[in-house]
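S.K.: Sequence:
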Amino acid sequence: MKINLKNGIDKLIFGMKQKDVTAVYGTPDRNYKDEDDNVIFVYNKFKMRLTFYKDEDFKFGYVVVSGADLELFGNKLIGRNIKDVKKDLAQKNITKFTQEEFDTFENYFNEENWLLLQTEFEEVVKVEVGAIINNKDEFDWKFGKK
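Positions 1 to 146 (the working numbering) are the ones given, in order, by the sequence shown.
One or more of the hints may lead you astray.
[Unchecked claim] Under the rule of at most 30 Å between Cα atoms (straight-line distance), these lysine-lysine pairs were calculated in the DSSO-like manner:
1. Lys86 to Lys45
2. Lys6 to Lys83
3. Lys17 to Lys47
4. Lys19 to Lys54
5. Lys19 to Lys96
6. Lys59 to Lys2
7. Lys96 to Lys142
Treat the hints as calculated values from the structure; they're not laboratory data.
Could you put together the complete structure from these sequences and hints?
M.R.: Structure follows, in structure tokens:
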């Protein structure tokens with residue numbers, strides 16, 4: 001499954017509605033609302049959780065994924081040492097990360113691409129990617145744009 005920074009993941013594009021996503025991947029294994037009434041789709045097969053934002057007409061805007069086949073720029077992410085992943089990303093000029101620690105986990109967040117790499121014991125265990133917010137403080141939805 002390929003991450004497309006600023007655009008989405010695999011065949012999913014930020015800004016899709018729930019019906020667009022189910023047309024691609026079928027009915028999710030779980031479908032629930034979070035504490036903000038956003039709709040969450042869970043696909044166990046892909047180890048993927050999608051968020052559709054209530055305040056944005058339930059458009060797809062965030063993904064959390066931990067599948068072993070996850071790729072960014074042709075490189076696997078899950079199970080790799082964070083230092084190696086960051087070296088790969090540096091070749092694509094992605095070098096600025098805010099780092100925070102909690103328990104045995106560390107998060108490495110790159111705001112420019114809305115990319116979060118979560119590690120445990122220096123190994124990437126989960127990746128989060130979100131739609132970009134533009135300079136007007138609005139989401140830059142990609143779905144339906146040419």
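S.K.: Holds or violated: are the alpha carbons of Lys19 and Lys54 at most 30 Å from each other?
M.R.: 15 Å, holds
S.K.: Are the Cα atoms of Lys59 and Lys2 separated by 30 Å or less?
M.R.: 20 Å, holds
S.K.: Within a Cα-Cα threshold of 30 Å, do Lys6 and Lys83 meet the stated pairing?
M.R.: 23 Å, holds
S.K.: Holds or violated: Lys86 and Lys45, Cα atoms, limit 30 Å.
M.R.: 27 Å, holds
S.K.: Given the hint that Lys19 pairs with Lys96, test it: the Cα-Cα distance must not exceed 30 Å.
M.R.: Not satisfied, since the Cα-Cα distance of roughly 35 Å exceeds 30 Å.
S.K.: Are the Cα positions of Lys96 and Lys142 separated by 30 Å at most?
M.R.: Status holds; Cα separation ~24 Å.
S.K.: Lys17 and Lys47 were given as a pair; does the straight-line alpha-carbon distance stay at or below 30 Å?
M.R.: This hinted pair holds, its Cα atoms lying about 20 Å apart.
Taken one by one, the earlier hints fail for this structure only at number 5.
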